[in-house]
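Enquirer: Okay, here's what each chain looks like letter by letter:
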Amino acid sequence: MEENSSNEKSLAMNMNFPPNQDTVCVFGTGDFGRSIGNKMFQCGYSVVFGSRNPEMSGLLPKGINVLSYAEAAQKSDVIIMAIHREHYDFLTELAEELQGKILVDVSNNLKINQYPESNAEYLAQMVPRAKIVKAFNTVSAWALQSGTLDASRQVFVCGNDKESKQRVMDIGCTLGLTPVDQGTLMVAREIENYPLQLFPMWKFPLYLSAALCIFYFVYCVIREIIYPYINEKKDFSFLLAISIPNRIFPGMALNLLALVYLPGIIAAILQLYRGTKYSRFPKWLDHWMLCRKQLGLVALAFAFLHVLYTLVIPIRQYVRWKLNKRVIDQIKANKTEPFNTTSGWISDSYLALGILGFFLFVLLGITSLPSVSNMVNWREFRFVQSKLGYLTLVLCTAHTLVYGGNRFLSPSILRWYLPSVYILSLIIPCTVLVLKFILIMPCFDRPLTRIRQGWERNSKIS
Amino acid sequence: MEENSSNEKSLAMNMNFPPNQDTVCVFGTGDFGRSIGNKMFQCGYSVVFGSRNPEMSGLLPKGINVLSYAEAAQKSDVIIMAIHREHYDFLTELAEELQGKILVDVSNNLKINQYPESNAEYLAQMVPRAKIVKAFNTVSAWALQSGTLDASRQVFVCGNDKESKQRVMDIGCTLGLTPVDQGTLMVAREIENYPLQLFPMWKFPLYLSAALCIFYFVYCVIREIIYPYINEKKDFSFLLAISIPNRIFPGMALNLLALVYLPGIIAAILQLYRGTKYSRFPKWLDHWMLCRKQLGLVALAFAFLHVLYTLVIPIRQYVRWKLNKRVIDQIKANKTEPFNTTSGWISDSYLALGILGFFLFVLLGITSLPSVSNMVNWREFRFVQSKLGYLTLVLCTAHTLVYGGNRFLSPSILRWYLPSVYILSLIIPCTVLVLKFILIMPCFDRPLTRIRQGWERNSKIS
Amino acid sequence: MEENSSNEKSLAMNMNFPPNQDTVCVFGTGDFGRSIGNKMFQCGYSVVFGSRNPEMSGLLPKGINVLSYAEAAQKSDVIIMAIHREHYDFLTELAEELQGKILVDVSNNLKINQYPESNAEYLAQMVPRAKIVKAFNTVSAWALQSGTLDASRQVFVCGNDKESKQRVMDIGCTLGLTPVDQGTLMVAREIENYPLQLFPMWKFPLYLSAALCIFYFVYCVIREIIYPYINEKKDFSFLLAISIPNRIFPGMALNLLALVYLPGIIAAILQLYRGTKYSRFPKWLDHWMLCRKQLGLVALAFAFLHVLYTLVIPIRQYVRWKLNKRVIDQIKANKTEPFNTTSGWISDSYLALGILGFFLFVLLGITSLPSVSNMVNWREFRFVQSKLGYLTLVLCTAHTLVYGGNRFLSPSILRWYLPSVYILSLIIPCTVLVLKFILIMPCFDRPLTRIRQGWERNSKIS
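Taken in order, these protein sequences are the chains called A, B and C. FYI, in the UniProt record's numbering the residues of the first sequence are 1 to 462. FYI, in the UniProt record's numbering the residues of the second sequence are 1 to 462. FYI, in the UniProt record's numbering the residues of the third sequence are 1 to 462.
Everything labelled a hint here was simulated from the structure, so no lab data went into it. Just so you know, nobody snuck in bad clues.
One copy or any two copies: either way a pair holds, since identical chains are not told apart in the list.
With a Cα cut of at most 27 Å, we get these calculated BS3-like pairs of lysine-lysine:
#1 K162 - K75
#2 K387 - K436
#3 K283 - K62
#4 K335 - K325
#5 K335 - K233
Only chain A is shown next, with the shape it has when bound in the complex:
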């Protein structure tokens, strides 16, 4: 619907609207300058470009003329600075022309925190008597050009002067964007850093899971392929496609889910030990807690893959062949094995536990969608994420335990003394659950609660 509305708009503007009297001036005829200039022109503004040498400017739609900076500045009181920070210097000469004008800083940097102060604040120092507004830096020129604003159309706006900010936000609205007031110029730096980020919070979870994956993979290959090949000269390489991933993924999902709740437990222990909550956690713990959501979502991804890999099992040729073989052997041996209720119980219940765990897991994933988590208040959020989250962890751990079933500690499953993967993957979740269980015992829970309510064991009374 988004694209559409913008599309509708630009069309509507083109065809039917009386040309808007507002004139907007754009400094710089580079890519972004021209893109936003065209867009504003399409949306009914009359646009004037300011350029170092107005003669040599590239193709522009007729109706837009290019003047010198000084001339262009006089034409409008809103000036969009489509210029790189490096070239701001010339503005000092235009002090008079720019006095009281609204300068919109649209610049971005090449790396995060490139300069001591944000470009907008730097601009404010260059032209102290102008009103600086930071905006439009999160929109891509190409998107403005092609009209395909299919990513975020949010425009973060900040500035110290209310009116000018409002003025710029109105322009944003008219361009079919959704301006978001971010407050004073103080936050300009963050707004400038924003477009440079590439999933910063996802790096740690992804690297971590990649490392874990590789470890599990090698482990499985040794255990499931190399071992039988050496001992029984059997080629099980085809297990690489499904069987082995389907050993790795559930382990990953379970471990990552446990790692979501581990930092909370460490934090609790720290607070109990320190007897206060007002001293900051070590950086690594802070960071860990901040990317719990991402860890959880990666875990969910692995769980999702595990489910799919499991559900296709009966379609696999290998499985069909094995099942048929079993039947044929039975007939050849001319004996029918009776149904064993216990093993029926085990197989059914581990499936059921897995399904319920996955169901709650999906629920957690849905509630972590921004629009959903914006709907719930803190009480509800804590309820879902901690209560339901732990229930999920319990179910998934139980699922793995029951999967092991009775053949758990039978030495037969050891190959070169290596236990199967699911046993390894049980270590972390079990630890987490045990620690949590200890922490919710009154003797620890009561003081912790008081600490979290602000009580301090040794608050110095002067």
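Fit chains B and C to the known structure of chain A by using the hints.
Expert: Just chains B and C now, kept in the frame of chain A:
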């Protein structure tokens, strides 16, 4: 990304920003007061605390000093009231100091609608000459403290004075929160009630489905486990894990989905009967209509579980054993049963109907996501929710009917005169569909449409 | 949660709030007028209706009185114009009464772009000395009436006068709606068109996929049902339920996914050919690019169906019968076929490829949720949509190729010289991938990048 941005910010603020000149005063050195004070301090504000006895205040980062209320009030024109409503009395003595100041009421109550008027309005009565703004009560102190704002970072702000409201919203932005203007102080009560809610609209759907679940469960246990145990001395207890849930869940899903559309039909009948739409519905109907969305989502959850439980069937040991047994018996009897096209038709088509029904069901679920339903206008929303919704209901009902297939009314399926569950679960949906079918017949549809356009059968012309 | 909050509010307002002193006047006692009047009355406003003939107005809650237009106008400075544009004429006579008043235009039209200028602008021409605000036209009277605001509660507001706009937005907040400032009156036309749209961007994708579906369907019916019926007199009609859809859907998904990336490639070729990016694309290409998101989501829907149809295979009676038959035949022939590792490899790896492809596909779908795509910046969005998108396309294409496996070009699969569907469905994706592969070769990639950075091959230097 959210956490990150806030994180980025707090860091950026700490390291690189010139200390913001704004001074903010915080009354009360309790948990919330200290948390928000620290946060603002981190974000570059200079913070002053006001306290009953400044000496005895707990640990605070250096650079923040604690004064008496009167002194602190003079330091800043924005005062955050981190004090419980019960202790507002002392403010009367500070009338002069507080005159014209912006008082930010951050208080919450212990239960919904605890006091006749909202705390903010009560504060406004206490200090008539100050500008009251309600804000920050939806943010948890713990979250501000730890910086893990992973739930909603929305801050609902309301107040009668525009400038002061804007001022407070700017502070919110700088703290990395997203202030939402909620209008005048009139809505303060609702803002204060908000954090106390725990899924209020979900209670009815969840209780209802719990009750239904239990009924179905008992019913199934009697029919599937106790009956064969008594009559044939067979232990089918392992069916509890998967088979029986997989009888209950589809029934639940179908019934709850039907209950989503029942209130609309009742409302239509009421309106036809009354001949107007301007008289309010009975409370229970109103409430029912308001939690249709939640009912639908619970139904979707059951459908989702049903799908998973169905897809694991071929992996179940019991099923594999049964299938093998059948083959072996065939061979022993040395006859191969031919393939019956009709039963092939039935089994395939009930699977297909189920899949399509579930697909549409998921579609409905997705469109009920806040961010999606915000994208669609009323016309589109009605189209999806009523047209597609009814199509879903029809498909799911058909799925169940075909599942019954020809063995529908064969007495063989009766055990102790109890029909199987899917027959019970068909009652409500069939009723709904029949009623709907009657209502869309012109003779009823035409008057109903006119009534909904505002026409009244007996609008008294004086 | 939404419904609830509004519900809470309306209740709260009714019971506990002091009647709000603000008086709002509503012109017109039609359906919408009465609905919004009641709602405002419930929310504590004192409401006055203005009507042509005050005597003959329908049922209104007591406490609301109906006056003539002139009288009503004097009662309040906010007037909601619940009147059809056709009847605006009488306003000219009220010029004095309406001077300086805030007129809220809530009107909608019957078709998109019905009038040369928007109703709000028309109103502004009629009553030049009043402040016009466009609002509330996106809310349905029925929803206001019943309180079930379960679709979007967004109210798009625009107007040239800040104060009056803010005033109207406050009213919106108090009614439990979420006003969204859309800027000046220029955008009124778009706001008026909005409620009339019915998924405009979805039309093309849906029609296209419908056409493709029908073609594939007929093709399959001929190949899978008519052919064997004529040649072998076998009735395979039951394949219509699952087998044939499960041939069509994957083909659809693959083709539509490829069609998502085709326009981008065409655009790149056009730009390379033209040597600039500043000349607009042909309309059809623009439109195609604008509905890529929708195309992709339809493709995802088909992929989802394909997955479900595939996972139920082992439950199908026909499949079970076939598998059993094979076993029985083997036994009769008294030979056990050994397991073929190669075919094991093939069957497993095409399943694995399919699963991974579907997984990435779902990921793409999730990131295209408005609330998620609002979280990511342009760099992240491009990364996901282009990098991951192409990876998905590659995986899905490989999935289909491996599915073909070795029996790919064996003439045996030709029936009446018709290859099976999956071969047809490979044409478009392979073309896209080949073209893309050519385009990312440096000789083409380098100039393209420069063009997209704003460079122009023949930028005329005057």
